[in-house]
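If you want the building blocks of each chain, they are given just below.
Number of protein chains: 6
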Amino acid sequence: MPYVNIQVTREGTSSGESKTTADQKARLIKGVSDLLLEVLGKPQSSTFVVIEEVEMENWGVGGLPVADYRKQLAAEKAK
Amino acid sequence: MPYVNIQVTREGTSSGESKTTADQKARLIKGVSDLLLEVLGKPQSSTFVVIEEVEMENWGVGGLPVADYRKQLAAEKAK
Amino acid sequence: MPYVNIQVTREGTSSGESKTTADQKARLIKGVSDLLLEVLGKPQSSTFVVIEEVEMENWGVGGLPVADYRKQLAAEKAK
Amino acid sequence: MPYVNIQVTREGTSSGESKTTADQKARLIKGVSDLLLEVLGKPQSSTFVVIEEVEMENWGVGGLPVADYRKQLAAEKAK
Amino acid sequence: MPYVNIQVTREGTSSGESKTTADQKARLIKGVSDLLLEVLGKPQSSTFVVIEEVEMENWGVGGLPVADYRKQLAAEKAK
Amino acid sequence: MPYVNIQVTREGTSSGESKTTADQKARLIKGVSDLLLEVLGKPQSSTFVVIEEVEMENWGVGGLPVADYRKQLAAEKAK
Numbered sequence: 001m002p003y004v005n006i007q008v009t010r011e012g013t014s015s016g017e018s019k020t021t022a023d024q025k026a027r028l029i030k031g032v033s034d035l036l037l038e039v040l041g042k043p044q045s046s047t048f049v050v051i052e053e054v055e056m057e058n059w060g061v062g063g064l065p066v067a068d069y070r071k072q073l074a075a076e077k078a079k
Numbered sequence: 001m002p003y004v005n006i007q008v009t010r011e012g013t014s015s016g017e018s019k020t021t022a023d024q025k026a027r028l029i030k031g032v033s034d035l036l037l038e039v040l041g042k043p044q045s046s047t048f049v050v051i052e053e054v055e056m057e058n059w060g061v062g063g064l065p066v067a068d069y070r071k072q073l074a075a076e077k078a079k
Numbered sequence: 001m002p003y004v005n006i007q008v009t010r011e012g013t014s015s016g017e018s019k020t021t022a023d024q025k026a027r028l029i030k031g032v033s034d035l036l037l038e039v040l041g042k043p044q045s046s047t048f049v050v051i052e053e054v055e056m057e058n059w060g061v062g063g064l065p066v067a068d069y070r071k072q073l074a075a076e077k078a079k
Numbered sequence: 001m002p003y004v005n006i007q008v009t010r011e012g013t014s015s016g017e018s019k020t021t022a023d024q025k026a027r028l029i030k031g032v033s034d035l036l037l038e039v040l041g042k043p044q045s046s047t048f049v050v051i052e053e054v055e056m057e058n059w060g061v062g063g064l065p066v067a068d069y070r071k072q073l074a075a076e077k078a079k
Numbered sequence: 001m002p003y004v005n006i007q008v009t010r011e012g013t014s015s016g017e018s019k020t021t022a023d024q025k026a027r028l029i030k031g032v033s034d035l036l037l038e039v040l041g042k043p044q045s046s047t048f049v050v051i052e053e054v055e056m057e058n059w060g061v062g063g064l065p066v067a068d069y070r071k072q073l074a075a076e077k078a079k
Numbered sequence: 001m002p003y004v005n006i007q008v009t010r011e012g013t014s015s016g017e018s019k020t021t022a023d024q025k026a027r028l029i030k031g032v033s034d035l036l037l038e039v040l041g042k043p044q045s046s047t048f049v050v051i052e053e054v055e056m057e058n059w060g061v062g063g064l065p066v067a068d069y070r071k072q073l074a075a076e077k078a079k
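Residue numbers (this note's numbering), protein chains in the order written: chain A, 1 to 79; chain B, 1 to 79; chain C, 1 to 79; chain D, 1 to 79; chain E, 1 to 79; chain F, 1 to 79.
By construction, these hints were calculated from the structure, which means they are not laboratory data.
Just so it is clear, CB atoms sit at the ideal spot from N, CA and C, and this is done for glycine as well.
The reader is advised that the hints may include incorrect statements.
Said to hold, decoys possible - Between beta-carbon pairs, the in silico distance windows are: (1) 75/A / 77/C: 51 to 57 Å; (2) 15/B / 43/F: 36 to 42 Å; (3) 13/E / 75/A: 45 to 51 Å; (4) 70/C / 12/B: 39 to 45 Å; (5) 19/D / 70/E: 40 to 46 Å; (6) 37/B / 74/C: 17 to 23 Å.
Take these sequences, add in the hints, and give me the full structure.
What follows is the structure, encoded as structure tokens:
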């Protein structure tokens, strides 16, 4: 009876998209459910997958909102 | 000092509604707080209840987004 | 397809117990499942309830570990 | 590799604002990351902070939605 | 920068084991990280996976602790 | 009424310790509560902080359990 919670930043990762698409979500759900069946033998009907999309300004890493963190990394690389 | 997190799909469950109503949320909050007082003696003022409504396409079960899963179940029953 | 997460401090609340008993947990599970059926019409077979017991020193309130916070409250009342 | 999840009600706490501002979020992210570095020596690049803003009607305390709970407290104080 | 939380009951799923093995956990971690790279292009170094094993008596489904629920299902099938 | 959940690997970070100490936990609780008061004006009595210590083999990053990931990083640096 697994429960899986996936948190990602709300942003597009395929061209022309500004957020995770329904198709990408369906692939995440299928992939995680397949994995739990394969590794632990959990029947798919008892696996819940919940995807949470988090606004960019609500996600922090490196002590900064993620957009600022990426700019900082890019600037360091450019040195 | 309990903390309770309730995750449900964002959809209407009473007629004419497309989401959980404020009244339904208030009943969930009261019900959970009553339960923790009754079973564990926790004072209601120190029980937090947080309700999260999850978009249908973000909730998976049976390896599928929940809407597809329900269609599949319905199709199987109709056989 | 609700998922409910209940977090409580790991401590006994009935006489002679040092933690939540299996019977108390079963009552919490039943109570929450009944509530979601009653308020939102969710079938019980698709409601997951996960109880997490948190060590006292891992739970903070009022800027203090919960045991210290209770002592502080008791001392204030005794004034 | 810490992960920190901060849940707050979605409401303004500085004058003229109806929600937590981007600047306040950046200060929360920095503050938590500094704290984990200081107390546990965790490098900031491996600390994730996720802020979740919860609608007022989705947050319960004292057996009531938080707005009703505050009204009740205010009424008691006014007695 | 995804964060994935996997909750499973604490029980063995391979012969002779009473809990999820370190090898099974490693496969879950790899599988989820591969999936997020493949579907969303997320670099593996910024994907956190946290596995939580939940005591059987702390997991409820169908209004019952999971062990009781399984017995009930088995009894129904045996009819 | 904030709720803050802090997840860290279960390991010692000060000399001679194999886990986070009670004193370190108290400092995390105080630090987070101070921060929420300072940034959002939240009274400390209504801030909950819950610390979860996660077994090393249950935490993954870079597609690996965290211990293996650190070894890999160290090996790369040593090249």
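Range hint 45 to 51 Å (beta carbons of residue 13/E and residue 75/A) holds or violated | holds (47 Å)
Does the Cβ-Cβ separation between residue 75/A and residue 77/C fall within 51 to 57 Å?
-> Since residue 75/A and residue 77/C have Cβ atoms about 55 Å apart, the given range 51 to 57 Å holds.
Residue 19/D versus residue 70/E beta-carbon gap, inside 40 to 46 Å or not | Given about 45 Å between the Cβ atoms, the range holds.
Using the C-beta atoms of residue 37/B and residue 74/C, is the stated range 17 to 23 Å upheld?
-> holds (20 Å)
Starting from the hint 36 to 42 Å, judge whether the C-beta atoms of residue 15/B and residue 43/F obey it.
-> Holds: the Cβ-Cβ distance is about 41 Å, inside 36 to 42 Å.
Is it true that the C-beta distance of residue 70/C to residue 12/B lies inside 39 to 45 Å, as the hint says?
-> holds (42 Å)
When the structure is compared with the earlier hints, no violation turns up for any of them.
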